[in-house]
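Residue numbers (the numbering used here), protein chains in the order written: chain L, 1 to 293; chain X, 1 to 293.
Hints may be right or wrong, so weigh each one.
Examples of chain L residues lying across from chain X (beta carbon under 10 Å, computed) [stated by the list, open to error]:
#1 25
#2 141
#3 194
#4 221
#5 225
#6 248
I should point out that these hints are in silico values taken from the structure, not numbers from a laboratory. C-beta: ideal position from N, C-alpha, C; glycine also.
2 protein chains.
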Amino acid sequence: MKTLAVIGCGLIGGSMALAWKKAGVVDQVVACDLDEEELDEALDMGVADSVTTSIKEAVTQADIIAVAVPVLAMGKVFSEVARYMRKDAIVTDVGSTRCTVIRKAREGLGDRFDRYAPCHPIAGGELPGVKHADADLFKNKAIIATPDIGMDPSVMRVIEEAWEKTGAVVQTMSPELHDDVFASVSHLPHVLAYALVDMIARESNAQIKLGMAGAGFRDFTRIASSSPVMWRDICLTNREAISQELQRYRHELDELQRAIDDSDSEYIEACFDNAMRNRRGLVFTRKAEKRTE
Amino acid sequence: MKTLAVIGCGLIGGSMALAWKKAGVVDQVVACDLDEEELDEALDMGVADSVTTSIKEAVTQADIIAVAVPVLAMGKVFSEVARYMRKDAIVTDVGSTRCTVIRKAREGLGDRFDRYAPCHPIAGGELPGVKHADADLFKNKAIIATPDIGMDPSVMRVIEEAWEKTGAVVQTMSPELHDDVFASVSHLPHVLAYALVDMIARESNAQIKLGMAGAGFRDFTRIASSSPVMWRDICLTNREAISQELQRYRHELDELQRAIDDSDSEYIEACFDNAMRNRRGLVFTRKAEKRTE
Numbered sequence: 001m002k003t004l005a006v007i008g009c010g011l012i013g014g015s016m017a018l019a020w021k022k023a024g025v026v027d028q029v030v031a032c033d034l035d036e037e038e039l040d041e042a043l044d045m046g047v048a049d050s051v052t053t054s055i056k057e058a059v060t061q062a063d064i065i066a067v068a069v070p071v072l073a074m075g076k077v078f079s080e081v082a083r084y085m086r087k088d089a090i091v092t093d094v095g096s097t098r099c100t101v102i103r104k105a106r107e108g109l110g111d112r113f114d115r116y117a118p119c120h121p122i123a124g125g126e127l128p129g130v131k132h133a134d135a136d137l138f139k140n141k142a143i144i145a146t147p148d149i150g151m152d153p154s155v156m157r158v159i160e161e162a163w164e165k166t167g168a169v170v171q172t173m174s175p176e177l178h179d180d181v182f183a184s185v186s187h188l189p190h191v192l193a194y195a196l197v198d199m200i201a202r203e204s205n206a207q208i209k210l211g212m213a214g215a216g217f218r219d220f221t222r223i224a225s226s227s228p229v230m231w232r233d234i235c236l237t238n239r240e241a242i243s244q245e246l247q248r249y250r251h252e253l254d255e256l257q258r259a260i261d262d263s264d265s266e267y268i269e270a271c272f273d274n275a276m277r278n279r280r281g282l283v284f285t286r287k288a289e290k291r292t293e
Numbered sequence: 001m002k003t004l005a006v007i008g009c010g011l012i013g014g015s016m017a018l019a020w021k022k023a024g025v026v027d028q029v030v031a032c033d034l035d036e037e038e039l040d041e042a043l044d045m046g047v048a049d050s051v052t053t054s055i056k057e058a059v060t061q062a063d064i065i066a067v068a069v070p071v072l073a074m075g076k077v078f079s080e081v082a083r084y085m086r087k088d089a090i091v092t093d094v095g096s097t098r099c100t101v102i103r104k105a106r107e108g109l110g111d112r113f114d115r116y117a118p119c120h121p122i123a124g125g126e127l128p129g130v131k132h133a134d135a136d137l138f139k140n141k142a143i144i145a146t147p148d149i150g151m152d153p154s155v156m157r158v159i160e161e162a163w164e165k166t167g168a169v170v171q172t173m174s175p176e177l178h179d180d181v182f183a184s185v186s187h188l189p190h191v192l193a194y195a196l197v198d199m200i201a202r203e204s205n206a207q208i209k210l211g212m213a214g215a216g217f218r219d220f221t222r223i224a225s226s227s228p229v230m231w232r233d234i235c236l237t238n239r240e241a242i243s244q245e246l247q248r249y250r251h252e253l254d255e256l257q258r259a260i261d262d263s264d265s266e267y268i269e270a271c272f273d274n275a276m277r278n279r280r281g282l283v284f285t286r287k288a289e290k291r292t293e
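Isolated chain L, as found in the complex (with noise of 0.2 Å):
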């Protein structure tokens, strides 16, 4: 009889709890979270077999733990898991960024730092809460494996491979690469796409501006709709790598600015010709994405 603490039930807590039951990884589910609405919504739609407020009572009688909070409340976690967890549970986590989530977990943790799995499943939607979960989100999915010094090969081969039975694709990177890879590719866009969406709202024509917006301002901003909390912690714990890319991000503007101040019509056209070779020929990347969606 194998028990999942799931801390922190929304969209990816509460999906990994469907997911690893349906895989046969675990045979029942505990729910905490601090939204009460959220648990009642756990309990009605099968996510969880039984929810708590509380930590200490969702942990004491888990074998694996999920912490699945935004990152910055992860540190008060990891401290709460290890007073009360079993000697021989295991704790892995979901964030979305790396070396900060690490060095709490191991600040957190203390000498049950060796009994900590970090992987970063790739995958998610613009809408929050338990009641988007999807037993199914993480199939043909890369889960980001990020082992560090400290932790126990073995007790990350339990994660990868639960992970694995639900049809996910374990890929390991260090937390450093992890980190530069994901501001590019993943956090970056979303501060775009928030930036955007705010600037135009706060013009005075904006209700004129986005009642006309087509597919391509409707694709381009999709991110947008995004958890605020959650992007505002990622922003905040990955922010060395995501300040960096925004800084080359901001000088490649300021060209383009220029450019088309100029009427440079070779530069601008040779940036978006070599963007669109780059998008164009991401096939076997789109057909990951596809199993991304």
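Start from chain L and add chain X according to the hints.
The following block gives chain X in isolation, referenced to the frame of chain L:
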């Protein structure tokens, strides 16, 4: 027996030919393009009943002449059209920018300008070329009519009614408002998507990064697959409006850079939250966008 001459037989020109014929607005189509492969494709697909590389040949036999070349090429085309068009013929165009194109039409068409009725279909696709032409591309989509001094309302009516027969929804606004609105919700997002892909593609670990790109990146950068020449021309012909919106956006990013570097949690969350609420609020627009898919 009504004949439509399409000058520039790509995705939009070809789709317009198919849609207008399907709607019974015209009986036959003559397609004119410099690219003979596109013309062969147009014949094979039944987009055109006859093809030619000569504007003169296409125009002399036409009741309606639709100019669908990249906007920077339109000036030259308008003067050619004016030289050979029949007295009772009508000229329209499908360009994505209005003020510059209308000025070019005024110059190029001369005393035939009163036979000109510009209508911009808010439709398209990131894959160019007549092979992607679609008779239903304009169904339930917006067509922006931009009447201006010296145009004949009865001529505009003919083109508006033709578009309505294809299932499109005609709206009217001034050329200036059109260019301002689409600089914000269409032109700027294209520039931003091209800029991000171009930037990442030029980084040392571009392939690792692009290889990890997920659904968010796919949707955010979909429009970066669009035709570089078409979008270069849009930047050059709607330069003032795009330049202004790009400056505004760069100020927005300056503030976000500061907030991220200072870990200004309140600022970041307020910006993301305002964007999220406005983006999720695009219910009507989303429906409109569904229609424009």
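These are the hints, each one checked on the structure:
| no. | hint | result |
| --- | --- | --- |
| 1 | 25 | 23 Å, violated |
| 2 | 141 | 8 Å, holds |
| 3 | 194 | 4 Å, holds |
| 4 | 221 | 5 Å, holds |
| 5 | 225 | 5 Å, holds |
| 6 | 248 | 6 Å, holds |
In summary, the one numbered hint that this structure violates is 1.
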